[in-house]
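Enquirer: In order, the protein sequences belong to chains A and B. Going by the numbering used here, the first sequence opens with residue 1, and the numbers climb by one from there. Going by the numbering used here, the second sequence opens with residue 1001, and the numbers climb by one from there.
Just so you know, these hints were derived from the structure itself, not from any lab. Treat the hints with care, as some may be off.
Said to hold, decoys possible - Below are the SDA-like pairs computed for lysine to any residue, each with C-alpha atoms no more than 20 Å apart in a straight line:
#1 A:116 - B:1049
#2 A:134 - B:1006
#3 A:116 - A:53
#4 B:1056 - A:110
#5 A:134 - B:1060
#6 A:134 - A:93
#7 A:116 - B:1011
#8 B:1056 - B:1044
#9 B:1022 - A:152
Stated by the list, open to error - Simulated restraints, written as ranges between beta carbons of each label pair:
#10 B:1007 - A:55: 22 to 30 Å
#11 B:1037 - A:132: 21 to 29 Å
#12 B:1004 - A:132: 20 to 28 Å
#13 A:97 - B:1005: 50 to 58 Å
#14 B:1033 - A:133: 18 to 26 Å
#15 A:23 - B:1007: 30 to 38 Å
#16 A:140 - B:1019: 22 to 30 Å
#17 B:1037 - A:90: 55 to 63 Å
#18 B:1059 - A:49: 23 to 31 Å
#19 B:1010 - A:73: 56 to 64 Å
#20 A:150 - B:1015: 25 to 33 Å
The beta-carbon is built from N, C-alpha and C at its ideal position, and this holds for glycine as well.
Here are the chains, one letter per residue:
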Amino acid sequence: MAAPSLNESELRFLRALLRRKVRFMVVGLSAAALQGAPVVTQDVDLWFEDLGDPAIREALREVGAAYVPPSLLNPPMFAGGGVELFDIVLTLHGLGTFAEELGHCIEVPLGRHRLKVLGVERILASKRAANRTKDRLAIPVLEDSLSVQQVTGRGQTSP
Amino acid sequence: MSVKRNNARERWAAQWAEQLMKSVRAVLAVRPEADPDNVRHTLILLEQPPLERLRKSLTRGRALAQRK
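Sequences and hints are given; from them, build the entire structure.
Expert: Right, dumping it as structure tokens:
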């Protein structure tokens, strides 16, 4: 059986967040993939400016999901509604504040809305700062994709 | 009829590949340290819509996770 890719529940959740004007951005390798980097990832990392924003819970309710707050053993996560594979990002190594990084986002159309996606250059900065084994593996691919963007001007959209 | 269609498809494929490799060489001319495969794959993915690029990445990633 083929593995599921970004499915309708996940798209519905993203649209529900955007419709409610929740301030968030896609970060990590899924953000790089949206910009053409040939990377492989299992989840979609979302960075929210304010996890306490009630509109996040409303969007979750709309798709039949719920927020699970962090505990000693678990990070914060979403459960139910087919949105479990969205990872909540609380901090990104080597980057500025949410508001600062918003200026480094590109916008990807999603229906009537526009999804904020962190630019490859900033994803690279976070991978270099985090410096885990999996980050080091992704760095050369991200560097080469950034080269393609810079030389051809493709894959970049105005913030 | 089908021979003609095959010929047209092969001509289109050859032109597409030629154009792609021209773009790869243009990037490598500026960034010789870049890996040609990464450059080629990025250029191919950039021909597709962003959500399709993400779908491909997730399909491979989740397939790998299922195999573990």
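Enquirer: Give a verdict on every hint.
Expert: We went through each hint and held it up to the structure:
1. A threshold of 20 Å between alpha carbons decides the hint, and for residue 116 (chain A) with residue 1049 (chain B) the separation of about 15 Å falls inside it, so the pair holds.
2. Among the hinted pairs, residue 134 (chain A) with residue 1006 (chain B) is inconsistent with the structure: their alpha-carbon atoms are about 43 Å apart, more than 20 Å.
3. Restraint check for residue 116 (chain A) and residue 53 (chain A): satisfied, since their Cα atoms lie roughly 17 Å apart, inside the 20 Å limit.
4. A hinted pair counts as satisfied when its Cα atoms are at most 20 Å apart, and residue 1056 (chain B) with residue 110 (chain A) qualifies at roughly 17 Å.
5. A hinted pair counts as satisfied when its Cα atoms are at most 20 Å apart, and residue 134 (chain A) with residue 1060 (chain B) qualifies at roughly 16 Å.
6. At roughly 14 Å between alpha-carbon atoms, residue 134 (chain A) and residue 93 (chain A) fall within 20 Å of each other, so this suggested pair holds.
7. Our distance criterion of 20 Å between C-alpha atoms is broken by residue 116 (chain A) and residue 1011 (chain B), whose separation comes to about 39 Å.
8. Taken as a hint, the residue 1056 (chain B) and residue 1044 (chain B) pair is honoured in the structure, with Cα atoms around 12 Å apart against an allowance of 20 Å.
9. With a C-alpha separation of about 12 Å, the suggested pairing of residue 1022 (chain B) with residue 152 (chain A) holds against the 20 Å cut-off.
10. Between residue 1007 (chain B) and residue 55 (chain A) the C-beta distance comes to about 56 Å, which lies outside the given range of 22 to 30 Å.
11. For residue 1037 (chain B) and residue 132 (chain A), the Cβ-Cβ distance of about 24 Å falls inside the hinted range of 21 to 29 Å, so the restraint holds.
12. The hinted range of 20 to 28 Å is not satisfied by residue 1004 (chain B) and residue 132 (chain A), whose Cβ atoms lie roughly 54 Å apart.
13. Hint check: residue 97 (chain A) to residue 1005 (chain B), Cβ distance near 56 Å, so the stated range 50 to 58 Å holds.
14. Separated by about 22 Å at the C-beta atoms, residue 1033 (chain B) and residue 133 (chain A) satisfy the suggested range of 18 to 26 Å.
15. For residue 23 (chain A) paired with residue 1007 (chain B), a C-beta distance near 54 Å fails the hint of 30 to 38 Å.
16. For residue 140 (chain A) paired with residue 1019 (chain B), a C-beta distance near 25 Å keeps the hint of 22 to 30 Å intact.
17. Remark: the range hint 55 to 63 Å for residue 1037 (chain B) to residue 90 (chain A) is contradicted by a beta-carbon distance near 34 Å.
18. Checking the proposed 23 to 31 Å range against residue 1059 (chain B) and residue 49 (chain A) shows it holds: the Cβ atoms sit about 30 Å from each other.
19. Hint check: residue 1010 (chain B) to residue 73 (chain A), Cβ distance near 58 Å, so the stated range 56 to 64 Å holds.
20. Between residue 150 (chain A) and residue 1015 (chain B) the CB atoms are about 26 Å apart, so this pair conforms to the stated range of 25 to 33 Å.
Of the numbered hints given earlier, the model fails hints 2, 7, 10, 12, 15 and 17; all others are met.
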